[in-house]
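> Top to bottom, those sequences are chains R and P. Each residue of the first sequence is one higher than the last, beginning at 419 in the numbering used here. Each residue of the second sequence is one higher than the last, beginning at 419 in the numbering used here.
One or more hints might be untrue.
[Unchecked claim] For each label pair, taking beta carbons as the anchor points, the in silico distance ranges come out as:
(1) Gly628(P) to His523(R): 31 to 39 Å
(2) Leu518(P) to Asp458(R): 19 to 27 Å
(3) Pro515(P) to Glu547(R): 21 to 29 Å
(4) Glu547(R) to Gly611(P): 25 to 33 Å
No wet-lab data here; the hints were simulated from the structure. Note that CB positions come from ideal geometry on N, CA and C, so glycine has one too.
Number of protein chains: 2
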Amino acid sequence: MRMHVADARPLSRSAVADFFDVVLGQRAYRALRPDPVPEDVISLILEAATHAPSAENRQPWAFVVVKDPEVRQSIATLTARAWINGGRSHSRPNLTPALLEEIDHWATAGLAAAPVHIVVCGDTRVAPEALLPSSIYPAVQNVLLAALASGLGSLLSTLPVFAGPAFRRLLGLPDEVIPMALVPVGFPAKPLGLGRRIPVAAKTHRDRWGTAW
Amino acid sequence: MRMHVADARPLSRSAVADFFDVVLGQRAYRALRPDPVPEDVISLILEAATHAPSAENRQPWAFVVVKDPEVRQSIATLTARAWINGGRSHSRPNLTPALLEEIDHWATAGLAAAPVHIVVCGDTRVAPEALLPSSIYPAVQNVLLAALASGLGSLLSTLPVFAGPAFRRLLGLPDEVIPMALVPVGFPAKPLGLGRRIPVAAKTHRDRWGTAW
Numbered sequence: 419m420r421m422h423v424a425d426a427r428p429l430s431r432s433a434v435a436d437f438f439d440v441v442l443g444q445r446a447y448r449a450l451r452p453d454p455v456p457e458d459v460i461s462l463i464l465e466a467a468t469h470a471p472s473a474e475n476r477q478p479w480a481f482v483v484v485k486d487p488e489v490r491q492s493i494a495t496l497t498a499r500a501w502i503n504g505g506r507s508h509s510r511p512n513l514t515p516a517l518l519e520e521i522d523h524w525a526t527a528g529l530a531a532a533p534v535h536i537v538v539c540g541d542t543r544v545a546p547e548a549l550l551p552s553s554i555y556p557a558v559q560n561v562l563l564a565a566l567a568s569g570l571g572s573l574l575s576t577l578p579v580f581a582g583p584a585f586r587r588l589l590g591l592p593d594e595v596i597p598m599a600l601v602p603v604g605f606p607a608k609p610l611g612l613g614r615r616i617p618v619a620a621k622t623h624r625d626r627w628g629t630a631w
Numbered sequence: 419m420r421m422h423v424a425d426a427r428p429l430s431r432s433a434v435a436d437f438f439d440v441v442l443g444q445r446a447y448r449a450l451r452p453d454p455v456p457e458d459v460i461s462l463i464l465e466a467a468t469h470a471p472s473a474e475n476r477q478p479w480a481f482v483v484v485k486d487p488e489v490r491q492s493i494a495t496l497t498a499r500a501w502i503n504g505g506r507s508h509s510r511p512n513l514t515p516a517l518l519e520e521i522d523h524w525a526t527a528g529l530a531a532a533p534v535h536i537v538v539c540g541d542t543r544v545a546p547e548a549l550l551p552s553s554i555y556p557a558v559q560n561v562l563l564a565a566l567a568s569g570l571g572s573l574l575s576t577l578p579v580f581a582g583p584a585f586r587r588l589l590g591l592p593d594e595v596i597p598m599a600l601v602p603v604g605f606p607a608k609p610l611g612l613g614r615r616i617p618v619a620a621k622t623h624r625d626r627w628g629t630a631w
């Protein structure tokens, strides 16, 4: 089933969203409508996250689902600060002016307007820090895909990683818990077309590096 | 569509694999049949990988698809060595005896028998090393899910990360390219049921850490 996000509605689990349409249609949705997202949809997205693989099946993830407008505004303020104080100058040479402007707008206004912020953390009491990235980012990808399959837009931001201790204090995270991704979720303000990607053949080698696939 | 892996056949992209059945049904398939996997299915799996998000859309992934039996045997030998020399004693306290035996068998025999090894690398010439985990493991998760949606089994192993320079030499990787995941792919030797997971409610907080979702 090809999704039409302009009139997207959350799908129940029994509805059929075609796997490859979801995966090949993934985009970063920076403009989201403020309309609320049903809680059972959020729970389904998190259930999808928990079925990702993790080292020794330790499941070291933890989720903070932020709906409170004041907390979302504080997250957005910290994220904007991390963007303006560091990320922006670092990223500027690599982005087109149009994309830079889009991210500027997201960091300073769009993020706070997203009705749900899902903060995905790794818990070093459950798995050692060295094993967290390979155990957390697959679950984050499930969050992104499950949101899309439910008619929602989202994106993956690691800016909170760079937002420092103020971010941890804001959410009251224990010292052993590391925020690793911020995923704002909501209904898309506008549909997005397919993303452009470097072709598989340019990224793939056969048997050894340097032999064409 | 619920998948029946016992008589699984690769699906073409036009076939419908239900998104949530795929995601909620993910398992680590350690026992794979040696039967060959069609190359167009591998290409579709890699296309899915390239649609994952990455920092600044830099797409710092690179794939080495190993079908050559000698290279696969060498990968398996290095992986078994990393497992026996370090991973095993590290993991033993955290695994049931049955799972430990299953992983023992995988490292010493099962891996070499898998007909395709997909090695997912991060290229530090394309993105700085600090940005690689959040840009590579979502793509790895797409590889795993797309394999499952195509009727194939797979798993995520980071053991090659610990296999040292011999692994890099074997595949002829440039110094700037870091192997980050090994994903053996093939038709499942037997179907697996649903995975057990800690419930979402036990992993999720509302607005701030410590408030029940």
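> Hint by hint, say whether it matches the structure.
Going down the list of hints, with the structure as the test:
no.	hint	in the structure
1	Gly628(P) to His523(R): 31 to 39 Å	holds (33 Å)
2	Leu518(P) to Asp458(R): 19 to 27 Å	violated (38 Å)
3	Pro515(P) to Glu547(R): 21 to 29 Å	holds (27 Å)
4	Glu547(R) to Gly611(P): 25 to 33 Å	holds (32 Å)
In terms of the numbered hints stated before, the structure departs from hint 2 and from no other.
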